[in-house]
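Taking the hints into account, I'd like the entire structure generated from these sequences.
Below are the chains, spelled out letter by letter.
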Amino acid sequence: MRNAFAAAITALAAQDDRIVLLSGDIGNRLFDTYRARFPSRFYNCGVAEQNMTGMAAGLALSGLRPFTYTITPFATTRVIEQIRVDICYHNVPVVIVGTGSGLSYASLGPTHHSCEDVGILRTFPNLTVLCPADAMEVGPTMEAAVALPGPAYIRLGKKGEPTIHETPPTIEIGRGIVMRDGTDVCLLGMGTMTATALEAAKRLMAHGLSARVVSMHTVKPLDTDLLRKSFEQFRLVAVVEEHSVIGGLGSAVAEWLAAHGPRRGVLEAIGTPDIFLSAAGSQQWMREQCGLTPQAIAERITRRLKALR
Amino acid sequence: MTSTPHLAAISRRIRARVVEMSHVAETPHLGSSLSCVDMLVAAYWGYLRIDPTQPLAPDRDRFILSKGHAATALYAVLAERGFFDPTLLDTYNEDGALLPEHPGLQCVPGVEAATGSLGHGLPLGLGMALAARIQQRPTRCLVLMSDGECEEGSVWEAAMFAPAQKLDTVTVMIDYNKWQATGRSDEIMALAPLADKWRAFGWDACEVDGHDLDALLAALRPVPDGTGRPRAVICHTVKGKGVSFMEDDNNWHYRIPTAEEVEKARVELWQA
Numbered sequence: 022m023r024n025a026f027a028a029a030i031t032a033l034a035a036q037d038d039r040i041v042l043l044s045g046d047i048g049n050r051l052f053d054t055y056r057a058r059f060p061s062r063f064y065n066c067g068v069a070e071q072n073m074t075g076m077a078a079g080l081a082l083s084g085l086r087p088f089t090y091t092i093t094p095f096a097t098t099r100v101i102e103q104i105r106v107d108i109c110y111h112n113v114p115v116v117i118v119g120t121g122s123g124l125s126y127a128s129l130g131p132t133h134h135s136c137e138d139v140g141i142l143r144t145f146p147n148l149t150v151l152c153p154a155d156a157m158e159v160g161p162t163m164e165a166a167v168a169l170p171g172p173a174y175i176r177l178g179k180k181g182e183p184t185i186h187e188t189p190p191t192i193e194i195g196r197g198i199v200m201r202d203g204t205d206v207c208l209l210g211m212g213t214m215t216a217t218a219l220e221a222a223k224r225l226m227a228h229g230l231s232a233r234v235v236s237m238h239t240v241k242p243l244d245t246d247l248l249r250k251s252f253e254q255f256r257l258v259a260v261v262e263e264h265s266v267i268g269g270l271g272s273a274v275a276e277w278l279a280a281h282g283p284r285r286g287v288l289e290a291i292g293t294p295d296i297f298l299s300a301a302g303s304q305q306w307m308r309e310q311c312g313l314t315p316q317a318i319a320e321r322i323t324r325r326l327k328a329l330r
Numbered sequence: 008m009t010s011t012p013h014l015a016a017i018s019r020r021i022r023a024r025v026v027e028m029s030h031v032a033e034t035p036h037l038g039s040s041l042s043c044v045d046m047l048v049a050a051y052w053g054y055l056r057i058d059p060t061q062p063l064a065p066d067r068d069r070f071i072l073s074k075g076h077a078a079t080a081l082y083a084v085l086a087e088r089g090f091f092d093p094t095l096l097d098t099y100n101e102d103g104a105l106l107p108e109h110p111g112l113q114c115v116p117g118v119e120a121a122t123g124s125l126g127h128g129l130p131l132g133l134g135m136a137l138a139a140r141i142q143q144r145p146t147r148c149l150v151l152m153s154d155g156e157c158e159e160g161s162v163w164e165a166a167m168f169a170p171a172q173k174l175d176t177v178t179v180m181i182d183y184n185k186w187q188a189t190g191r192s193d194e195i196m197a198l199a200p201l202a203d204k205w206r207a208f209g210w211d212a213c214e215v216d217g218h219d220l221d222a223l224l225a226a227l228r229p230v231p232d233g234t235g236r237p238r239a240v241i242c243h244t245v246k247g248k249g250v251s252f253m254e255d256d257n258n259w260h261y262r263i264p265t266a267e268e269v270e271k272a273r274v275e276l277w278q279a
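Chains as they are written, first to last, in the working numbering: chain H, 22 to 330; chain D, 8 to 279.
Please keep in mind that the hints were generated in silico from the structure rather than gathered at the bench.
One should not assume that every hint holds.
Unchecked claim - Computed beta-carbon distance windows for the label pairs:
#, chain 1, residue 1, chain 2, residue 2, range
1, H, Asp53, D, Gln143, 53 to 59 Å
2, H, Pro131, D, Glu33, 44 to 50 Å
3, D, Asp193, H, Leu129, 38 to 44 Å
4, D, Pro145, H, Leu129, 26 to 32 Å
5, D, Leu63, H, Glu309, 54 to 60 Å
6, D, Glu33, H, Trp306, 36 to 42 Å
7, H, Leu129, D, Ala207, 30 to 36 Å
8, H, Leu129, D, Ala197, 30 to 36 Å
Idealized CB from N, CA, C, for every residue including glycine.
This is the structure we're talking about:
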């Protein structure tokens with residue numbers, strides 16, 4: 022996804038001379054093409070994310086369209102005050118981009134994990150929260166974000182994630198993309214877990230259960246139209262996210278459901294547990310520990326559906 | 008045309024207004040507001056290229072009051088400078104009014120940024136300076152900070168960035184009144200030697216009497232001087248300046264003046 026980001030920011034900068042890229046001393050060689058073409062619109066801001074984020078707001082207050090880019094916890098929770106005050110309160114069109122979200126940097130430990138970012142950021146007024154599912158969604162998501170009058174947060178994976186689209190889809194903010202249809206359960210995927218949800222759907226099929234899978238690339242504003250229809254049509258709606266069960270898409274859907282229920286459908290929120298994952302290990306291993314594999318998700322959905330009968 | 012006797016009279020008027028606003032609205036931070044009045048007057052009457060009739064002109068200089076708790080001083084200065092009708096000051100801090108205790112988002116023409124949380128103004132100013140560079144505009148950025156504010160880490164992130172990018176259109180003025188909310192700023196943190204700290208970070212730092220309008224103007228006017236170094240003007244000031252019974256008394260960080268004290272202050276300011 023980060024390569025898709027580098028390609029897309031270069032293309033955007035070619036079309037729009039207001040685009041400025043601020044990097045927090047990351048992306049070695051990733052932005053070589055961008056820097057060669059637009060040297061006056063690239064700044065390596067060093068290991069100083071508070072300043073980077075504040076400067077982005079200053080650039081936007083002067084009419085430019087800055088992107089900030091670094092590893093997710095440093096782009097988000099490290100600078101939560103600057104995001105809240107400088108960007109969201111001023112309601113300026115800064116795009117905050119976190120790379121290596123969730124457990125992408127699993128082996129680097131909890132300092133580099135980000136399973137709380139969405140939970141914190143979606144409480145801020147004015148901020149749009151976007152979680153593209155794969156490399157194909159990255160470019161259209163960035164175009165949609167730049168077209169907004171206010172700020173956006175884009176939560177990316179790292180690299181080599183499975184792609185779920187053959188070509189870049191149209192991204193309409195606040196409108197989920199139905200990736201496959203089904204009748205027994207609706208799986209709402211957030212970010213890179215949408216690909217996992219699609220794999221889980223294949224396993225459910227083998228058990229005679231058909232699943233609709235949606236890429237919920239926008240966590241805020243929520244696609245309430247889709248939620249209303251899903252909770253009417255399906256007995257079970259499950260959220261799948263590489264984010265804490267506290268505060269993420271599952272929580273956002275639960276908040277909606279609590280305010281707009283009861284509905285025919287019930288919610289199953291599948292995410293990371295409320296702990297720091299401090300053991301060494303790969304992203305795959307950690308997903309296994311959290312029950313975030315296609316196998317574990319399919320089993321959990323099957324059990325829940327049985328219990329609902 | 009400006010002259011310092013003329014500016015000194017403006018400073019006195021603004022101080023009187025600030026004391027009155029604190030009394031009427033029952034808001035604190037009076038000492039902090041009084042200490043930076045002369046710095047604001049020097050900036051707004053002798054340095055900033057601004058036109059109150061065109062507050063959003065793209066080429067204007069930018070001023071950010073990073074110590075947002077001195078909002079009364081900024082509001083009184085902007086009103087006196089012609090950015091808005093001075094009668095608006097009478098509504099300061101009223102329910103639903105335009106002027107809150109910290110400069111609000113686009114609350115009145117002339118307020119470039121909403122401040123109040125310390126350590127935010129300099130990064131915002133650097134962003135505006137970078138924008139001016141990218142857009143090839145002559146804009147200069149002036150950020151007024153407090154001494155206590157220099158304890159925020161974000162200030163030093165910004166301090167390290169600006170010289171690396173040779174942002175010599177940026178100036179910080181520090182209201183070095185030697186007090187912060189609950190004690191001496193040189194005791195609570197190792198703030199001194201403050202000018203040396205800015206020099207060590209690559210800034211062209213100077214120290215002036217922050218109540219000497221000629222000295223303030225002389226410190227500001229050469230910017231940018233072509234050295235590539237941003238400017239730090241350390242302004243030695245007196246908290247509560249201009250009112251004898253408030254000067255260097257940190258109780259006036261939070262105290263609100265009575266009607267009698269307002270009258271006493273007014274008499275002192277007119278006799279000065």
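Outcome of the hint check:
Distance hint check: the CB atoms of aspartate 53 of chain H and glutamine 143 of chain D are about 25 Å apart, inconsistent with the given range 53 to 59 Å. Hint check: proline 131 of chain H to glutamate 33 of chain D, Cβ distance near 47 Å, so the stated range 44 to 50 Å holds. Separated by about 40 Å at the C-beta atoms, aspartate 193 of chain D and leucine 129 of chain H satisfy the suggested range of 38 to 44 Å. Under the hint 26 to 32 Å, the C-beta atoms of proline 145 of chain D and leucine 129 of chain H, about 45 Å apart, miss the expected range.
Distance hint check for leucine 63 of chain D and glutamate 309 of chain H: the Cβ-Cβ separation is about 56 Å, which falls inside the suggested range of 54 to 60 Å. The given range of 36 to 42 Å is broken by glutamate 33 of chain D and tryptophan 306 of chain H, whose C-beta atoms sit roughly 60 Å from each other. In this structure the supplied range 30 to 36 Å holds for leucine 129 of chain H paired with alanine 207 of chain D, their Cβ-Cβ distance being about 33 Å. Our hint of 30 to 36 Å for leucine 129 of chain H and alanine 197 of chain D holds, since their Cβ atoms are close to 34 Å apart.
Checked against the numbered hints above, the structure violates hints 1, 4 and 6; every other hint is satisfied.
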